[in-house]
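Peer 1: Take a look at the letters that make up each chain.
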Amino acid sequence: MNNEQITAELKKLLGNDRVSDDEKVILECSKDYIGFRIFERGAGKHFAPKAACVVSPRSAEEASAALRFFNANKIDVVPKTGGSSVTLGVEPIEGGVILDGSAMNGIVDFNETDMWVTARAGTPLEYLENYLNKRGYTTGHFPQSLPMAHVGGLLATRSIGQFSTLYGGIEDLVVGLEAVLADGEIIKIKNSPRRSVGPDLRQIFIGSEGTLGFITEATLKIFRYSPETRWMRAYGVKGMRNGLAALREITVGGYRPAVVRLHDPTETERDLGNLAPEGYCILILIAEGPSAVAAAIGKGVEEILKNYETVDLGEKPVLHWLEHRNDVCATLDKYKYYKLGAIADTCEISAPWSKIADIYEAVTERMPREVESLASIAGHSSHSYVQGTNIYFTFGAMADKDKPECAREIYMNIIRVIMEETLARGGSIAHHHGSGKYRTRWMPEEHGSSYGLLYRIKRALDPNGIFNKGVILADKE
Amino acid sequence: MKIVVCFKVVPDFEQVLKSDWENFSSESDLNCAKRIINCFDETALELALRIKDDVEKDGGFAECTALTFAGELKNVFSSALFAAGFDRVELIKDEGTCAFNSLSAAKNLAGRIKEISPDLVLTGKQAGYADGGVVPFYIAERLKLRAIGEAFDAGFAEGVFFADIREPTGGIRRCRIDEPAVVSVGTGQIAGLRITTLKKRLATVGKNIDIFSGATACKTNSFSEIKFEYKENRRECKMLSEISEFTEILKGSIKR
Ligand SMILES: Cc1cc2nc3c(=O)[nH]c(=O)nc-3n(C[C@H](O)[C@H](O)[C@H](O)COP(=O)(O)OP(=O)(O)OC[C@H]3O[C@@H](n4cnc5c(N)ncnc54)[C@H](O)[C@@H]3O)c2cc1C
Chain A
1 MNNEQITAEL KKLLGNDRVS DDEKVILECS KDYIGFRIFE RGAGKHFAPK AACVVSPRSA
61 EEASAALRFF NANKIDVVPK TGGSSVTLGV EPIEGGVILD GSAMNGIVDF NETDMWVTAR
121 AGTPLEYLEN YLNKRGYTTG HFPQSLPMAH VGGLLATRSI GQFSTLYGGI EDLVVGLEAV
181 LADGEIIKIK NSPRRSVGPD LRQIFIGSEG TLGFITEATL KIFRYSPETR WMRAYGVKGM
241 RNGLAALREI TVGGYRPAVV RLHDPTETER DLGNLAPEGY CILILIAEGP SAVAAAIGKG
301 VEEILKNYET VDLGEKPVLH WLEHRNDVCA TLDKYKYYKL GAIADTCEIS APWSKIADIY
361 EAVTERMPRE VESLASIAGH SSHSYVQGTN IYFTFGAMAD KDKPECAREI YMNIIRVIME
421 ETLARGGSIA HHHGSGKYRT RWMPEEHGSS YGLLYRIKRA LDPNGIFNKG VILADKE
Chain B
1 MKIVVCFKVV PDFEQVLKSD WENFSSESDL NCAKRIINCF DETALELALR IKDDVEKDGG
61 FAECTALTFA GELKNVFSSA LFAAGFDRVE LIKDEGTCAF NSLSAAKNLA GRIKEISPDL
121 VLTGKQAGYA DGGVVPFYIA ERLKLRAIGE AFDAGFAEGV FFADIREPTG GIRRCRIDEP
181 AVVSVGTGQI AGLRITTLKK RLATVGKNID IFSGATACKT NSFSEIKFEY KENRRECKML
241 SEISEFTEIL KGSIKR
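If you read the protein sequences in the order shown, they are chains A and B. Residues in the first sequence are numbered from 1 upward in steps of one, following our numbering. Residues in the second sequence are numbered from 1 upward in steps of one, following our numbering.
Hints are computed from structural coordinates only; laboratory data are not their basis. In this text, all values refer to a predicted model and were calculated from it rather than measured experimentally. Heads up, the beta-carbon is just placed ideally off N, CA and C, and yes, glycines get one too. Among these hints, one or two may not hold up.
[Unchecked claim] Result set (SDA-like, lysine to any residue): computed pairs, CA atoms no more than 20 angstroms apart in a straight line:
#	chain 1	residue 1	chain 2	residue 2
1	B	Lys34	A	Ala344
2	B	Lys18	A	Ala344
3	B	Lys34	A	His324
[Stated by the list, open to error] A short list of chain A residues far from chain B (calculated; beta carbon distances all over 10 angstroms):
#	residue
4	Ala103
5	Tyr225
6	Pro368
All chains should be modelled from the sequences, with the hints used to inform the complete structure.
Peer 2: Encoded structure:
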């Protein structure tokens, strides 16, 4: 079927207003925020493959009808909701279809007794959070992309928020969900506080990045919202290795601040004002919950930090971070770095405590040697667990503004160094952005002997392979 | 040929807490805000380097000095300036609390500029909110040099410097600069100071900034007379291409 036929058939099936083959709409829906694509768009170039059309169902039933059609005709489909992907995850397959869930939005159920809220896949997280805040609740989920991301995408990418050390990632927050399979079957996984009835089927879809089904609705936990009882403090901590050891002691010691962020000396000097002495990191901490709990966490953490060459910087740097933490979202389409001839982005990995400092040092030492046009490499830890933490590398490299087609190679060279060093030292190559299409080639090594199982699940749920080709799974097994 | 650029590292005013704006005073602690080279100064710094490139392409020689008054200059800025191509980076230490005193800043900067005796002085038009944009003119006055305001571009062509300026009436004009002058740079055509590779910046280790003592301590702070008001993005240094009316004017009149 050619593009025109696909579009015409879909219009017949769902109505003209549900299908668009307008070039502008297709371009907008194909926009991924991976660093090299932003650079290319800065130069006015759109190298993403071109979809035949964008389909915007209003209900699970409409999504089901569309998927039955795609499946019967073996048409490639890429789901999308908020479009804040940074992994090429929302880029279409040439001649395929974008299944845009953003028209399926709104809150379906708000349940204060059972402490959950059910929202449709296209509900913007910021809308949901504001809705809950007004009623004294929160999702506890604050990714930096809060102003951009939607419920469906958050589940699909296994996303995480800045307050995760207390609330966990999205996988800890989903109570139940609804999804449509490749053959159009609508399945609902019911809401339950916990159950022992076989494997947890929610987890098939959480983190599946649109390869196994189209998520249409989710029920999320809610928590009482009391920002006024927060304990907040910032510290200067000498050196990254020492800082990571301090983070370990905080989490292993049984403390659960909501926010635990350790910015390395480069980020501290470059981005965080005139606060810490040279060579120091900045550690940002927030504990929340009932005031006695928040205060007790604060007291315990203060005691621990006395053993780690720290300088108390007070509360103000935390207020500062809170106020400006998501500013970047408003600047993404302004091409600030392109104008300066630079590609800038981030890449997140995780590792056990015994390995994380080695990975951080290996990457930051190797990168300047290997990437000729590197302008900066730095990092921070922002999500900690009893077993380990993540590092969120932040990097920039120079690229020729007149040759935007070269940006990808420079970018992938940087990613390669991070992936190789992480794998070689026993870390995991994606902490929360997902694989997308750009990390797929390292997935076999990441998963080892369990990688084949992913193909088996894929074959069972999507035998025609219509969903999100090239994401997580390489084309050939 | 010598070029001096006056610049200042300032808090990024877009990053100052809203609550700080509401109670702004000379005592306000802005230490949490990210430090940046003031955006007008960044444009002036980049213009100087482009002139240097042009002069050197012509077979000439240009020496660029980046000069700042008061405060500290962190390594992150000095290494970026050296790597970008500045031959010297100089800091005049503040002897008192002169940070917001335009006269004192001009006096100290002019003193050092006189010693260097450059062919061209570039400055950003305004360092911060407390600065009324008068420093470049005070400098010119003290040095008895011609002052050129509201430049958005500057360069070197056919053996002379030039500056393209915005007229108050909305037009634009090119000024030939055939004797030393002070050019105050406003919203520019370029995005900012060039980015350099980490390798280049690491290679500047060992290049030190030159530190001078300020000539006079200021007794009063003109700051107390200033009233502040916060407006988002007020100081965003826009690319000229984003400002449609200038684009139209430019299309018609500049052939470079
Ligand atoms: C500035 C910025 C900051 C960010 N910060 C964070 C952060 O702090 N934490 C974090 O985890 N991530 C972060 N991200 C990444 C991104 O925001 C997350 O991955 C987010 O979860 C994506 O949600 P979305 O609705 O925008 O999804 P989209 O971009 O629309 O899609 C993302 C992926 O999910 C699939 N998908 C989308 N909707 C569905 C659906 N309904 N059913 C099945 N599959 C679907 C898509 O095919 C794609 O593979 C950031 C991104 C940006 C640009």
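Peer 1: Work down the list of hints and note, for each, if the structure agrees.
Peer 2: Here is how each hint holds up against the structure:
Among the hinted pairs, lysine 34 of chain B with alanine 344 of chain A is consistent with the structure: their alpha-carbon atoms are about 18 angstroms apart, no more than 20 angstroms. Among the hinted pairs, lysine 18 of chain B with alanine 344 of chain A is inconsistent with the structure: their alpha-carbon atoms are about 28 angstroms apart, more than 20 angstroms. Distance hint between lysine 34 of chain B and histidine 324 of chain A is fulfilled; the C-alpha atoms sit about 11 angstroms from each other, no more than 20 angstroms. The Cβ of alanine 103 of chain A sits about 31 angstroms from the closest Cβ of chain B, beyond the 10 angstroms cut-off, so the non-interface label holds.
Under the 10 angstroms C-beta cut-off, the non-interface status given to tyrosine 225 of chain A relative to chain B holds; the minimum distance is some 21 angstroms. Proline 368 of chain A, annotated as away from the interface, has a beta carbon of chain B within 10 angstroms; the closest lies near 5 angstroms.
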